[in-house]
Amino acid sequence: MKRLLATLVLAFAAPALADEAVAPLPRDTADAAVIRGSIAFHTYCVLCHGAEGKGDGRAAKMYTPRPANLTVSPFNDTYKEMIIRGGGASVGRSAFMPPWGDELTDEQIRDVVAFLRELRKTGK
Amino acid sequence: MISRSVSRVVMLTAFVVAFAMPAHAADHAVAQIKKAFTVPVLKAKVGDTVTFRNDDEFAHNVFSLSETQNFDLGSYKKGETRQLTLKNPGTIEVECAIHPEMKMKIEVSK
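Residue numbers (the working numbering), protein chains in the order written: chain A, 1 to 124; chain B, 1001 to 1110.
No lab work stands behind these hints: they were computed from the structure. Misleading hints may appear alongside valid ones.
Cβ pair distances, simulated, as ranges [unchecked claim]:
| no. | chain 1 | residue 1 | chain 2 | residue 2 | range |
| --- | --- | --- | --- | --- | --- |
| 1 | A | ALA95 | B | ASP1027 | 17 to 27 Å |
| 2 | B | ALA1036 | A | ILE39 | 17 to 27 Å |
| 3 | B | ASN1070 | A | GLY92 | 34 to 44 Å |
| 4 | A | MET82 | B | VAL1041 | 37 to 47 Å |
| 5 | B | PRO1089 | A | ASN76 | 46 to 56 Å |
| 6 | A | VAL46 | B | LYS1077 | 22 to 32 Å |
| 7 | B | ALA1029 | A | THR43 | 25 to 35 Å |
| 8 | A | ARG85 | B | ASN1070 | 24 to 34 Å |
Simulated coverage check for chain A against chain B, where a stretch passes if three residues somewhere in it have a Cβ under 8 Å from a Cβ of chain B [to be verified]:
| no. | region |
| --- | --- |
| 9 | 43-52 |
| 10 | 55-69 |
| 11 | 93-102 |
Note that this is a predicted model, so its numbers are computed, not measured. Glycine included, C-beta positions come from ideal geometry on N, C-alpha and C.
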């Protein structure tokens, strides 16, 4: 009897497991990009822009102008990608913002931009 | 007689100049290779210089937030150097803004 019950349970559980297997990979979702971007941001950008992106990182006091407050940034995604990739000097802004094009992959840069979009939306 | 006096004056002058001049400042070379500083702890004196040379294929950005001396040498590419003059005694913790795992110390004495 116990064996029959176990067989029935497995028979009904298997299709559910199969459905999960064909679901989109988390990697492909917008949320995943934001999470990955958050990790990259808190590894590389936090030094100047601060944990909340308000431009108050531990190195911020050294710079004039101060690092940008990214929660109120007026720039679009393309511009942000450009400044991340080429650094501040590449767009005529602060040369203290280093170029990240050699360090971050294209995907990481897009992920950081996705995180910044979320940061701008939530303001935190 | 005159030549002996002249030679004494010359010797005295040389002696005074030798001791009056500050010791010659040294230049210390620290390269960046494979995302690491080649010297983990550098001992140097006030007035010495440190030349940071980038031997990696990508940019580095050496800086310090230490109270002893804070600075930002900006980002620089492969083969380029940036020089720092040590101004105060104490410990300077040096980092790279692009590679958070890169760290070294400079212990500066008087």
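Now for the hints, and whether the structure bears them out:
The hint said 17 to 27 Å for the Cβ distance between ALA95 of chain A and ASP1027 of chain B, and at roughly 25 Å that hint holds. For the hinted restraint 17 to 27 Å between ALA1036 of chain B and ILE39 of chain A, the CB-CB distance of approximately 22 Å keeps it satisfied. Take ASN1070 of chain B and GLY92 of chain A: their Cβ atoms lie about 26 Å apart, and the range 34 to 44 Å is violated. MET82 of chain A and VAL1041 of chain B have their C-beta atoms about 39 Å apart, which keeps the hinted 37 to 47 Å range intact.
A hinted range of 46 to 56 Å holds for the C-beta pair PRO1089 of chain B and ASN76 of chain A, which are about 49 Å apart. Here the CB-CB span from VAL46 of chain A to LYS1077 of chain B is close to 24 Å, well matched to the stated 22 to 32 Å. Taken as a hint, the range 25 to 35 Å holds for the pair ALA1029 of chain B and THR43 of chain A, whose Cβ atoms sit roughly 29 Å apart. Range check, ARG85 of chain A to ASN1070 of chain B: about 27 Å between beta-carbon atoms, so the 24 to 34 Å window is met.
Counting residues of the region 43-52 of chain A whose beta-carbon sits less than 8 Å from any beta-carbon of chain B gives 4, enough to reach three: the coverage restraint holds. For the region 55-69 of chain A, the stated coverage by chain B holds: 4 residues have a C-beta nearer than 8 Å to a C-beta of that chain, and at least 3 were required. With 6 residues carrying a beta carbon less than 8 Å from a beta carbon of chain B, the region 93-102 of chain A meets the three-residue requirement, and the given coverage holds.
Of the numbered hints listed earlier, the single one contradicted by the structure is hint 3.
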